[in-house]
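Using the sequences and the hints, build the whole thing.
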Amino acid sequence: MASISPTIAETPAQEVDWTARLRLILSYAILFLLAFTFLYPFLLTVTTSLKTLPEINENPVALIPETWTLEGYLAMQNLNVGRWMFNSAFVALAITVGNVLFASMAGYALARIPFPGGNLLFLTILGTMMIPGIVLLIPMFIILKQVNFIDTYMGLIFPKVTTAFGVFLMKQFFESIPKDLEEAARIDGANRLQMFFRVILPIARPALIALIIFTFQGAWNDFMFPLIVISVRQELYTLPLGLAVLRGGLGESLQWNAILAGSLVTTLPMAVIFIFFQRYFLEGISYTGLKG
Amino acid sequence: MTRKWYKLLAFFLVLTMALVACGGQEEEPPAGADGEQDVPTEAPPVEEEPEAEEEPPAEEEPPAEEEEPAEGTGAELQLMGWSSSEAENTRLQAVIDDFNAANGNIQVNLNLVPDYDTRLQTSLAGGAPPDVFYIDSFRLPDLVDAGAVEPAEGRIEDPDDFYESLRDAFTYNGTFYCPPKDFSTLGLQYNTDMFDAAGLEYPNEDWTWDDLRSAAEQLTNEEEGVYGMVLSADFARWIAFLYQAGGEVANEDFTEMTINSPEAQEAMDFYVNMVLDGFAAQPADLDSGWAGEAFGRERAAMSMEGNWIVPALADGFPDVNYGVTQLPAGPAGEATMAFTVCYGVPADIPDERKEAAFEVVNYLTGAEGMKAWTDLGLAMPTRQSLRDQWLEQFPDLQPFLDGAEHARAWQFVTGFQDVLDTVNNGLQQAFAGTMTSEQVLEQAQEVGTEVLNR
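These protein sequence lines are chains C and H, in that order.
Mapping of the first sequence onto the working numbering: residues 1 to 292, in sequence order.
Mapping of the second sequence onto the working numbering: residues 1001 to 1454, in sequence order.
Take the hints with a grain of salt, since some may be wrong.
Stated by the list, open to error - Which bits of chain H does chain C cover? Going by a derived footprint, with three or more residues having C-beta under 8 angstroms, they are: (1) 1140-1151; (2) 1169-1181; (3) 1203-1212; (4) 1290-1297.
Stated by the list, open to error - Some chain H residues close to chain C (C-beta under 8 angstroms, calculated; not the full set): (5) Q1078; (6) S1083; (7) G1316.
By construction, these hints were calculated from the structure, which means they are not laboratory data.
Ideal placement from N, C-alpha and C gives every residue a C-beta, glycine not left out.
This is how it looks when you write it as structure tokens:
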């Protein structure tokens, strides 16, 4: 910087400047290196999806392809990717909306409305979180089959429309809101529903955002559940299910470019959403952190 | 404003539910997938290498429920399998289209699914099995003991035409359960450039263990990280040496394990010493995921894989020059392994459906269907009557097909996965020098005895 006060030492100012600058350069260098390290796998995914198979085999970690090719993407042309993407989006959206509504209502009831057995009910809901999902696969299939939900959108959405985790998250959040707010609303003549929708939910925005993110992302990436629900109707596949087909049966030699092209297609919508809603995402995450 | 937002949300939710509900009513419940099966085996793909994709059966008709055949007398059947390379998926669909075109009253819907084992298990347990499904020979005992498979005995045309080793692979407790769809055998692949550079003669059918070992020694250049051979810590490979040495896994009727024998010891020593002496290395030590990749990268001059390596090399390593011959003979002669998959029919579907299912299976494994399927040159025909004609088309693959003559079936008893895991783990440790080959065999014997007594 320019020297402002000539009397108070030109030299020390300059020295400070240099160390500061050095420190800055150094920290940027480190940050750059770290950023590159974290970005590298992603970049590699992008470029590998554009390489030829022999080239991938020759040098898997080279960043820049020698020959650019769309082979990996062309492998998808026989797949119904557009439809699968629609299915994924539709199912994830429906599940998210359901969770937001039902988890917040249930959470609110458990947090604020005393009723007999309320605690027991809450513990039971929590208890279901302790059961590993994989154990439920076959019972789930049998139930879904009996109600004719196999191979339907309903089967993909309905069982997921509310989760114990969501209820838990919302209940904990509502409990942290001072009761005074509701009492003030009641004095103003609001009934329970009005109180919930007009006073409580708006305050719960951070928790809701966290819930939306977790639910949407979970539903978007889910593989096991759609796998058992969709039996023969491949037009109802979700993206992860459909693209698993690229992996082939037993995986001795993998078509890496096609697999990575497929995972890009799956990841991209989530990535775009993340970039656009980054601010809210961080907000949501910090709130869940706070409420732990 | 927030209020509006929540109204919108509620509205959307209702809309969604309505849409979903409508959608639900349209669809017929399908006759499901199938399955039961437990543990994933590490056995090599009997098929060939999987690579890509599946092509979805163009239009899906809603599959009929089991009890009520779709139209009049007609039956609509589900055939469930796993997808392999796109070329194969397309060909199999074409074969099935031919069948559908020729048969008015039986229509087959090919359903190639991801994560086959989970799906099969779920649908078998859920009581909604597909009408025809793939069964790996290693998995057959588990499925049979679970009561999931209908015996094919007497319902298959000309079963004696199948290679004996393949019939054995699908015969359990004396009953023939399902006809083989295709098969693979292990062969010896050698890199011709590397053999030329070392001034060695190419391997041939008369090779013995000693030839293999001395060639591997001369082809190894540890400084450059190149080894004579790539060997996996895999029961499914070592077992070929066991049979070549004259050993057996168990006695004839599987009441007693015999894996801890002098013959087995000899085979184990030979296999493990190749690695310990530095003439062979595992795929992972050659920066590869499997043996074929190490061979393709020319980090190993020889490998012992099945015919699935052929398309994998053609796609991934088109510049590698190599040849194929049969595995070398051991002290007790020649032996290789046959890995195969069959078309199974589930036990708990109505009789009329079973009949229709066997009709489909008979077409697919019969002369006409088998020829159409194997003309692609990836899968090998399981019928001896198709041998000559197939070899005319694909002479390069002869060593693999000839392997069928002295191949052993990759099939044991229910629960044998535990022995497989023990041996794989033991081989791994023996390669690392943390277990002796004696210990590996003792452990295998012990675990196997437990499995047989279950």
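Tested hints:
Requiring three or more residues with a Cβ within less than 8 angstroms of a Cβ of chain C, the coverage given for the segment 1140-1151 of chain H is violated, as only 0 such residues are present. Coverage of the segment 1169-1181 of chain H by chain C is violated in this model, with 0 residues showing a Cβ closer than 8 angstroms to a Cβ of that chain against a need of three. With 0 residues having a Cβ less than 8 angstroms from any Cβ of chain C, the segment 1203-1212 of chain H misses the three-residue criterion, and the hint is violated. Coverage of a stretch by a chain is defined here by at least three residues with a beta carbon nearer than 8 angstroms to that chain's beta carbons; for the segment 1290-1297 of chain H and chain C the count is 5, and the condition holds.
Look at Q1078 of chain H: its Cβ gets to within about 6 angstroms of chain C, closer than 8 angstroms, so that hint holds up. A hinted interface residue such as S1083 of chain H counts as satisfied when its beta carbon comes closer than 8 angstroms to some beta carbon of chain C; here the least separation is about 5 angstroms, so the hint holds. Satisfaction of the interface hint for G1316 of chain H is found here, the shortest Cβ-Cβ separation to chain C being roughly 5 angstroms, below the 8 angstroms cut-off.
The structure fails to meet hints 1, 2 and 3 from the earlier list, while all remaining hints are met.
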